[in-house]
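**Q** For the sequence shown, our numbering assigns the number 3 to the initial residue and increments by one for each residue that follows.
Since the hints were derived computationally from the structure, they do not count as laboratory data.
Mixed in with the good hints there might be a few duds.
[Stated by the list, open to error] Straight-line distance between alpha carbons at most 30 Å, and here's what the computed DSBU-like set of lysine-lysine pairs gives: (1) Lys60 to Lys41; (2) Lys17 to Lys41; (3) Lys41 to Lys21; (4) Lys17 to Lys98; (5) Lys98 to Lys41; (6) Lys60 to Lys17; (7) Lys60 to Lys21.
[As the list claims (entries may be wrong)] Pair by pair, the computed Cβ-Cβ distance ranges are: (8) Ile66 to Glu5: 26 to 36 Å; (9) Lys98 to Leu11: 14 to 24 Å; (10) Gly15 to Ala35: 18 to 28 Å; (11) Leu93 to Asp58: 32 to 42 Å; (12) Ala14 to Glu120: 16 to 26 Å; (13) Ala105 to Asp58: 29 to 39 Å.
For each residue, glycine too, the CB sits at the ideal point set by N, CA and C.
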Amino acid sequence: NHELYFDILGGAGSKPSGKLLEEINRSFGSPEAWAADLKATGIAARGWVWTAYDYDLKRLVNYIGDAQNSYPIWNATPIIALDAYEHAYYLDFATKRADYIDAFLANLNWNVVATRFEQLGSPAGNLVTLA
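With these hints in hand, go ahead and build the complete structure from the sequences.
**A** Set out below in structure tokens:
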């Protein structure tokens with residue numbers, strides 16, 4: 003979880019583009035709608051939040067994972083991980099988790115996220131053809 007989380011940070015305020023942008027628009031309607039859903043999910047979570055490609059639904063979905071030792075997503079591959087545990091934000095943001103999530107979103111490295119998305123494979127190891 004932390005490896006995915008730290009790997010996608012360090013962006014310079016860019017925006018999603020290309021196939022990733024197309025999939026965000028198809029799955030959520032717009033990048034703004036995706037961000038609003040991720041933020042709401044992060045505020046509701048006690049642990050991890052992932053944006054993952056769900057192979058059954060054939061779309062991106064934001065998921066909550068409230069336990070460190072479990073991965074509650076089946077048949078999906080995460081491309082974004084948000085650490086919503088208090089240790090991730092409390093020293094800098096105190097109880098303002100929404101502000102922490104805004105800072106997280108502003109610091110996403112969309113090039114890394116796009117690469118993860120473009121390298122998606124099916125659970126069986128075949129590349130997924132994304133419409």
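**Q** A separate judgement is required for each hint: does it hold in the structure or not?
**A** Each hint, compared with the structure:
1. Lys60 to Lys41: Distance of about 22 Å is within 30 Å: holds.
2. Lys17 to Lys41: 16 Å, holds
3. Lys41 to Lys21: 22 Å, holds
4. Lys17 to Lys98: Holds: Lys17 and Lys98 sit about 24 Å apart, inside 30 Å.
5. Lys98 to Lys41: Answer holds: Lys98 to Lys41 is near 12 Å, not above 30 Å.
6. Lys60 to Lys17: 23 Å, holds
7. Lys60 to Lys21: Holds, because 14 Å separates the two Cα atoms, which is no more than 30 Å.
8. Ile66 to Glu5: 26 to 36 Å: 19 Å, violated
9. Lys98 to Leu11: 14 to 24 Å: Cβ of Lys98 to Cβ of Leu11: about 19 Å, so the range 14 to 24 Å holds.
10. Gly15 to Ala35: 18 to 28 Å: 19 Å, holds
11. Leu93 to Asp58: 32 to 42 Å: With Cβ atoms ~39 Å apart, the hint holds.
12. Ala14 to Glu120: 16 to 26 Å: Holds, since Ala14 and Glu120 (Cβ atoms, about 20 Å apart) stay within the stated range.
13. Ala105 to Asp58: 29 to 39 Å: 32 Å, holds
Violated hint for the displayed structure: number 8, the only one.
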